[in-house]
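S.K.: Spelled out from the first residue to the last, the chains are:
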Amino acid sequence: MLRKSQKLTSVIEWGTLLLSTLLVCFFLVVVIWEIVSKGASQLSWEFVTQVPTDGMTKGGILTPIIGTVLLTLITALFSIPFGVACAIYLQEYAEDNWLTRTIRASIRNLSGVPSIIYGLFGLALFVQALQFGTSLIAAGLTLGLLSLPYIITTTEEALMRIPNSTREAALAVGATKFETIKDVIIPSAMSGILTGVVLTLSRAAGETAPILFTGAAFYINGTSGFVNQEFMALPYHLYMLSTQHQSIDEVRPIAYGTALVLIVVVFLLNLTAFYIRYKYRKNEN
Amino acid sequence: MKYKARLSLDIFFKYVFKATGLLVLALLGGILAMLIYNSFSFFMDVKPLDFITGIEWNPTAKIPKYGMVPLILSTTIVTFGAMIIAIPLGIGTAAFISEYASPRLKNILKPTIEMLAAIPSVVIGFLGIVVVSPGIANLADLSNGLNALNGAILLAVMALPTIITVAEDAIHAVPKTYKEASYGVGATKWQTLRKVVIPAAAPGIIAAVMLGVGRAIGETMTVLMATGNASILPTGMFDSVKTMTATIAIEMGEVPYQTTHYFALYAIATVLFIMTLAANMLGEYFINRFRKYHAA
Numbered sequence: 080m081l082r083k084s085q086k087l088t089s090v091i092e093w094g095t096l097l098l099s100t101l102l103v104c105f106f107l108v109v110v111i112w113e114i115v116s117k118g119a120s121q122l123s124w125e126f127v128t129q130v131p132t133d134g135m136t137k138g139g140i141l142t143p144i145i146g147t148v149l150l151t152l153i154t155a156l157f158s159i160p161f162g163v164a165c166a167i168y169l170q171e172y173a174e175d176n177w178l179t180r181t182i183r184a185s186i187r188n189l190s191g192v193p194s195i196i197y198g199l200f201g202l203a204l205f206v207q208a209l210q211f212g213t214s215l216i217a218a219g220l221t222l223g224l225l226s227l228p229y230i231i232t233t234t235e236e237a238l239m240r241i242p243n244s245t246r247e248a249a250l251a252v253g254a255t256k257f258e259t260i261k262d263v264i265i266p267s268a269m270s271g272i273l274t275g276v277v278l279t280l281s282r283a284a285g286e287t288a289p290i291l292f293t294g295a296a297f298y299i300n301g302t303s304g305f306v307n308q309e310f311m312a313l314p315y316h317l318y319m320l321s322t323q324h325q326s327i328d329e330v331r332p333i334a335y336g337t338a339l340v341l342i343v344v345v346f347l348l349n350l351t352a353f354y355i356r357y358k359y360r361k362n363e364n
Numbered sequence: 023m024k025y026k027a028r029l030s031l032d033i034f035f036k037y038v039f040k041a042t043g044l045l046v047l048a049l050l051g052g053i054l055a056m057l058i059y060n061s062f063s064f065f066m067d068v069k070p071l072d073f074i075t076g077i078e079w080n081p082t083a084k085i086p087k088y089g090m091v092p093l094i095l096s097t098t099i100v101t102f103g104a105m106i107i108a109i110p111l112g113i114g115t116a117a118f119i120s121e122y123a124s125p126r127l128k129n130i131l132k133p134t135i136e137m138l139a140a141i142p143s144v145v146i147g148f149l150g151i152v153v154v155s156p157g158i159a160n161l162a163d164l165s166n167g168l169n170a171l172n173g174a175i176l177l178a179v180m181a182l183p184t185i186i187t188v189a190e191d192a193i194h195a196v197p198k199t200y201k202e203a204s205y206g207v208g209a210t211k212w213q214t215l216r217k218v219v220i221p222a223a224a225p226g227i228i229a230a231v232m233l234g235v236g237r238a239i240g241e242t243m244t245v246l247m248a249t250g251n252a253s254i255l256p257t258g259m260f261d262s263v264k265t266m267t268a269t270i271a272i273e274m275g276e277v278p279y280q281t282t283h284y285f286a287l288y289a290i291a292t293v294l295f296i297m298t299l300a301a302n303m304l305g306e307y308f309i310n311r312f313r314k315y316h317a318a
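Going line by line, the protein sequences match chains A and B.
If you use this note's numbering, the first sequence corresponds to residues 80 to 364, in order.
If you use this note's numbering, the second sequence corresponds to residues 23 to 318, in order.
Hints were generated in silico from the structure; no laboratory data involved.
Keep in mind that the hints are not guaranteed to be accurate.
Stated by the list, open to error - Straight line, CA to CA, 27 Å or less: simulated DSS-like cross-link-like pairs of lysine-lysine:
{"no.": "1", "chain 1": "B", "residue 1": "217", "chain 2": "A", "residue 2": "256"}
{"no.": "2", "chain 1": "B", "residue 1": "132", "chain 2": "B", "residue 2": "24"}
{"no.": "3", "chain 1": "B", "residue 1": "217", "chain 2": "A", "residue 2": "361"}
{"no.": "4", "chain 1": "B", "residue 1": "128", "chain 2": "A", "residue 2": "86"}
{"no.": "5", "chain 1": "B", "residue 1": "128", "chain 2": "B", "residue 2": "24"}
{"no.": "6", "chain 1": "B", "residue 1": "26", "chain 2": "A", "residue 2": "256"}
{"no.": "7", "chain 1": "B", "residue 1": "128", "chain 2": "A", "residue 2": "358"}
{"no.": "8", "chain 1": "A", "residue 1": "117", "chain 2": "A", "residue 2": "137"}
{"no.": "9", "chain 1": "A", "residue 1": "261", "chain 2": "A", "residue 2": "358"}
{"no.": "10", "chain 1": "B", "residue 1": "217", "chain 2": "A", "residue 2": "83"}
{"no.": "11", "chain 1": "B", "residue 1": "40", "chain 2": "B", "residue 2": "26"}
{"no.": "12", "chain 1": "B", "residue 1": "40", "chain 2": "A", "residue 2": "261"}
{"no.": "13", "chain 1": "B", "residue 1": "217", "chain 2": "B", "residue 2": "201"}
{"no.": "14", "chain 1": "B", "residue 1": "40", "chain 2": "B", "residue 2": "132"}
{"no.": "15", "chain 1": "A", "residue 1": "358", "chain 2": "B", "residue 2": "132"}
{"no.": "16", "chain 1": "B", "residue 1": "24", "chain 2": "A", "residue 2": "86"}
{"no.": "17", "chain 1": "B", "residue 1": "198", "chain 2": "B", "residue 2": "217"}
{"no.": "18", "chain 1": "A", "residue 1": "86", "chain 2": "B", "residue 2": "211"}
{"no.": "19", "chain 1": "A", "residue 1": "261", "chain 2": "B", "residue 2": "211"}
{"no.": "20", "chain 1": "A", "residue 1": "86", "chain 2": "B", "residue 2": "198"}
{"no.": "21", "chain 1": "A", "residue 1": "261", "chain 2": "B", "residue 2": "314"}
{"no.": "22", "chain 1": "B", "residue 1": "36", "chain 2": "A", "residue 2": "261"}
{"no.": "23", "chain 1": "B", "residue 1": "314", "chain 2": "B", "residue 2": "201"}
{"no.": "24", "chain 1": "A", "residue 1": "117", "chain 2": "A", "residue 2": "261"}
{"no.": "25", "chain 1": "A", "residue 1": "361", "chain 2": "B", "residue 2": "132"}
{"no.": "26", "chain 1": "A", "residue 1": "86", "chain 2": "B", "residue 2": "217"}
{"no.": "27", "chain 1": "B", "residue 1": "24", "chain 2": "A", "residue 2": "256"}
{"no.": "28", "chain 1": "B", "residue 1": "198", "chain 2": "B", "residue 2": "314"}
{"no.": "29", "chain 1": "A", "residue 1": "256", "chain 2": "B", "residue 2": "314"}
{"no.": "30", "chain 1": "A", "residue 1": "83", "chain 2": "B", "residue 2": "26"}
{"no.": "31", "chain 1": "A", "residue 1": "83", "chain 2": "B", "residue 2": "201"}
Since the structure is predicted, the reported quantities are computational estimates derived from the model, not experimental observations.
Work the whole structure out from these sequences, hints included.
M.R.: In structure tokens:
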């Protein structure tokens with residue numbers, strides 16, 4: 080009798096935890112289901128290859144797609160070299176002193192700074208102080224700064240996994256420290272670095288708050304893609320279509336289509352990262 | 023290459039790498055300098071005490087009011103609501119993944135949670151408008167569901183991946199011997215989880231919650247899209263609220279450069295920065311405490 084009731088309670092206990100897990104998964108299912116079921120009908124070759132027309136109530140989303148691609152490219156060009164170099168400094172050169180500890184503490188703090196504050200910083204530094212104006216380059220650099228702490232952290236983790244014997248072997252045959260890093264350490268850590276970079280860029284591509292005042296535009300005629308001009312971006316386009324447009328109900332289908340394209344882009348980048356990580360782990364074993 | 027050239031290249035790059043390390047310091051320094059400079063400019067016009075204790079935010083009125091209380095209260099209500107939803111769900115899920123799930127199930131659940139974390143905030147905000155808002159309006163019989171509850175639900179979804187990941191690490195890190203000792207004296211799995219594993223993992227779980235709070239306070243797009251943004255003193259979960267982040271996002275686009283109102287938004291950002299920093303530092307403190315405790 081006691082056994083039976085004990086078994087029942089343990090099932091209930093297990094069920095409670097299972098239920099909370101299922102609820103969390105359910106959130107993901109709701110998001111994906113809602114957007115795929117209502118956005119899929121919108122998706123067509125024309126939708127991704129045509130510019131918005133008729134006050135954005137018709138046409139496609141080519142302009143925001145181009146904007147997001149160029150924006151992410153600028154973010155990558157800025158944050159990858161600086162982030163990787165900083166990680167190399169911390170992992171390969173820095174001694175354990177107050178300067179290094181301060182840098183590490185700064186990186187941890189920076190990764191917790193809200194994205195809207197990066198937006199304000201980009202506005203103050205790039206748009207106003209450096210006089211770039213609201214532009215693709217100002218927004219790209221702002222997202223680059225936002226991405227920096229993540230790239231540094233993930234690259235450092237990748238470098239940390241390289242065994243010291245690898246470094247010593249290269250140094251022992253006469254390579255300088257820089258040559259060791261360039262020809263031995265970076266190539267061995269490449270997949271780990273790439274995983275971090277791709278994940279960081281997928282996050283940057285979906286960010287909206289930092290580009291609100293640094294260059295994202297409501298509407299741009301044609302496809303333009305000059306670095307010194309304003310641009311349209313997928314996340315901002317979705318925000319604008321769902322809250323700011325004058326006929327919100329009319330453009331709702333386009334908003335669903337935009338949301339679908341955005342999550343497809345982000346998930347594809349994530350899958351790429353999972354794939355690199357999976358292949359890397361396999362090779363390692 | 024000549025030996026000398028190789029050597030000078032080596033030295034050159036040593037400084038290049040070091041310079042990028044200093045760039046990070048400059049970035050944090052720059053953000054701090056920006057916040058402090060603009061906040062000071064604001065406090066030239068408005069008394070800090072009026073800013074912190076004022077109960078009306080209306081910078082565009084004839085006599086502008088720069089009271090932060092409604093904004094702080096809004097952020098607090100939404101974050102608090104989000105945590106009420108996310109903490110039990112997050113800890114439950116973390117416990118399930120760590121203690122009950124088979125390795126194969128773990129391999130499905132972990133990427134699922136990473137996927138949830140990868141969804142851009144603007145998409146979550148959009149869901150708030152098209153799914154959560156009509157849902158709340160129907161259930162509570164309101165004209166629309168753009169209110170604090172909506173924001174809280176969405177922020178819970180956004181904070182969950184952080185809470186689950188950190189809490190799962192903490193629960194997983196509890197030494198096996200603790201559990202074995204508990205089973206040894208006849209405790210069931212559940213009793214062990216509640217009375218031994220969770221208390222032992224407590225600092226790590228608190229850290230998870232603090233990091234989730236930090237994430238929720240700083241989140242902009244979801245609350246901007248889903249909470250209605252009425253600048254009033256909120257009294258409950260069904261009130262429309264305007265959080266600190268949403269206020270900056272809405273008003274920065276409209277204010278003229280270097281006016282009191284412009285500086286006021288930086289002053290809000292400073293308060294926001296301090297709040298998220300405090301949450302994150304508390305989180306880090308508990309993580310370190312947890313590590314030290316179990317390393318010993």
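S.K.: Now look at each hint and say whether the structure bears it out.
M.R.: Against the structure, the hints come out as follows:
no.	hint	verdict
1	B:217 x A:256	52 Å, violated
2	B:132 x B:24	51 Å, violated
3	B:217 x A:361	39 Å, violated
4	B:128 x A:86	24 Å, holds
5	B:128 x B:24	54 Å, violated
6	B:26 x A:256	14 Å, holds
7	B:128 x A:358	19 Å, holds
8	A:117 x A:137	17 Å, holds
9	A:261 x A:358	22 Å, holds
10	B:217 x A:83	23 Å, holds
11	B:40 x B:26	21 Å, holds
12	B:40 x A:261	16 Å, holds
13	B:217 x B:201	10 Å, holds
14	B:40 x B:132	36 Å, violated
15	A:358 x B:132	17 Å, holds
16	B:24 x A:86	77 Å, violated
17	B:198 x B:217	14 Å, holds
18	A:86 x B:211	11 Å, holds
19	A:261 x B:211	51 Å, violated
20	A:86 x B:198	24 Å, holds
21	A:261 x B:314	36 Å, violated
22	B:36 x A:261	12 Å, holds
23	B:314 x B:201	19 Å, holds
24	A:117 x A:261	49 Å, violated
25	A:361 x B:132	18 Å, holds
26	A:86 x B:217	19 Å, holds
27	B:24 x A:256	16 Å, holds
28	B:198 x B:314	17 Å, holds
29	A:256 x B:314	34 Å, violated
30	A:83 x B:26	81 Å, violated
31	A:83 x B:201	24 Å, holds
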